[in-house]
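Let chain A serve as the given structure and place chain B on it in line with the hints.
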Amino acid sequence: MAQSKNTFLNFFSGRKLIIGVPYVWFISLAAIPLLIVLKISLSTMETASVSNMVDWSKGWPSLTLNFSSYQFIASDALYVKTYLSSIKYALITTIICLAIGYPFAYFMARAPKHIQPTLLMLIMLPFWTSFLLRIYAWKTLLVNNGIINNALISLGVMSEPIAMMNTPFSLTIGMVYSYLPFMILPLYANLSKLDIRYLEAAADLGTSPLKTFWLVTVPLSKAGIIAGSMLVFIPSIGEYVIPELLGGSNTLMIGRVLWDEFFSNNDWPMASAVAIVMILLILVPMALLNKYQSDQASDKAGA
Amino acid sequence: MNLPYKNIMLGMLLGIAGLGLVACGDKTAETTTSAETAVAAPAGDEEKVLNIYNWSDYLAEDTIPNFEKETGIKVRYDVFDSNEILHAKLMAKNTGYDIVVPSSNWARLQIDGGLLQKLDKSKLTNYGNLDPDILAQMANLDPDNAYMVDWLWSYTTVGINVDKVKAALGDMPMPENAWDLVFNPKYTSKLKSCGITFLDAPTEVFPIALKYVGKPAHSNNADDYKVAYEMLAKVRPDIQKFSSGGQIDDLAGGNVCVALGWAGDFNLARNRSIENKSPQNIEALITSMGGYMFMDTMVIPADAKHVDNAHKFINYILRPEVHAGLTNAVTYANPNKAATQFVDEEVRNNKTIFLPAEDVKKLIPPGNVDNATRRVMTRYFTQFKTGA
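Top line first, the protein sequences correspond to chains A and B.
So in this note's numbering, spot 152 of the first sequence is number 152, and the numbers just go up one at a time.
So in this note's numbering, spot 179 of the second sequence is number 179, and the numbers just go up one at a time.
Because the hints were derived from the structure by calculation, they are not lab data.
Predicted model only: the values in this text are computed from it and were never measured.
Just so it is clear, CB atoms sit at the ideal spot from N, CA and C, and this is done for glycine as well.
Please note: incorrect hints may appear among the correct ones.
Under 7 Å between C-beta atoms, here's a sample of chain A residues computed to sit facing chain B [claimed, not checked]:
#1 N66
#2 K81
#3 L252
#4 D260
#5 F263
Chain A with its partners taken away, still in its complex shape:
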């Protein structure tokens, strides 16, 4: 008796409660909505509502699953092209963010300790202004009669404005600009913990600084690189606002196709199916990566 009372108390002990919070978060904010989206994707559209999947009219539940939305995704090349195009832009964004963000984070981490909080503050500062406002600001910079073109023309560098707005160029700038802090922050967190004695040891053993960087610093910061890249890549794939405001009308992005399915076609099951396929496209590589890393970790542990 005393034993069971103890377990009961243990169950509500602070430790379990704290571990439970992420699970509650995950189930209520990720798993359940995901299941609802999955359910809609397997329904059909009626005039102004989604069909009921479970029918009770005969006195017992009869389940109707409709896979036509998924069949349609496979039958029209538009969706494959759009997924590929979204992944392409997300990859370009991630690579540029990494190329800019890594040196950025590196020098921040090597800066004198007392100015590091200030540098960190400067990275966060743009978040104080609305994201939408900052994207609109890019518009005023990039348009044909905008600041950059006008400045270049008045300097005599060129006579005709360069069309920068509504091109893949403006789209990439907007995406890199918006997501760069998400690359820098995890990299900085990682690099600032790097034990400087490893580098000293490498130097003592006669390794050149460049080689040290490549053989010591980069491998040790792998966790930061992966975290930063994921934080940039995943939201980039589904990005809707930036392509709408800065991209051209010929830019294929999955966010726009989703919008079309949901609003123009008024086909919620189809929109949900497109979203589910996109989530799978993101989750499967992530799960593989996760497995690869845990295999590696256990190999090391075993060795």
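Just chain B now, kept in the frame of chain A:
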């Protein structure tokens, strides 16, 4: 890499993936519960509140304050810029709005879906002010005019920056049918240099394109859409952008010189250009083929909580001075016969706002297509825009 760190990272990523889904999830949760909870509020002692959802830039400065002063009803006024967004909100139910303003063809879909409620015309003492011709036109979609009262109306047409178009065309004369300016490569290839823009909605562009290629404007035949698409594809390289909300700024700012858009917006752009003393001379064109008529109508959602106040507001709008005030402010025509004398002379005499009767007859009436055709239409529009 140590394990706890990786787990945190994975948790973080899943959390972010989850956040993206919450928005969709919430809406669907509403759909499943709201059908049963929609209860009409008791009439008579209604709360002094009215929630309105209307198009942006679509009323006079004094419309709402005067109504509030007179009735003591507090108005919450929100805006949207596309029928698609309004329709999705209504479908999710529990919008909280008491009056929404869809275009008549969209309102028809909402009637079919049981999303709207019938008007109580005994409460609309000013109903007799409405133009019988417009009511007859609306009855095609809304038999007996049971659900909709027109707010304002206009039509989709070609708008141009007169001087820039003349300069770009050179010694070429203006076409007999102004639609050639946006649909005929002979003209678009020249106008490309000063900028062509289209509305970014398949339901706006296709009825006109279909009529232009000699097909029924609201065709349900997929082959007709292919023909219209092939015509559109030829002018695609000459089109600079697709935008529904930005045409007033683009025309008034001189960024584009030809637009497929709303006549009311072209007149607004014209006024804005004159106000700013900018050199852009914007004009809405009356085409020989005719444009695409749209009526934005006040309707009451089925689950509205302040139905009585909604009727009071509709009746207030139907007063001649109030309805005329809307037209004066936004240069869209009103359906109110009694209001004409209160409309500013300049607006009243503008033929592109109050179309002559023979031009009204040429307009494509508002209409709908079936769901399968809508998908075909959207698909061709995507192909038109992106080439994919």
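Structure-based check of all given hints:
no.	hint	verdict
1	N66	violated, 15 Å
2	K81	holds, 5 Å
3	L252	holds, 5 Å
4	D260	holds, 6 Å
5	F263	holds, 4 Å
Hint check: a violation occurs at hint 1 only; the rest are consistent with the structure.
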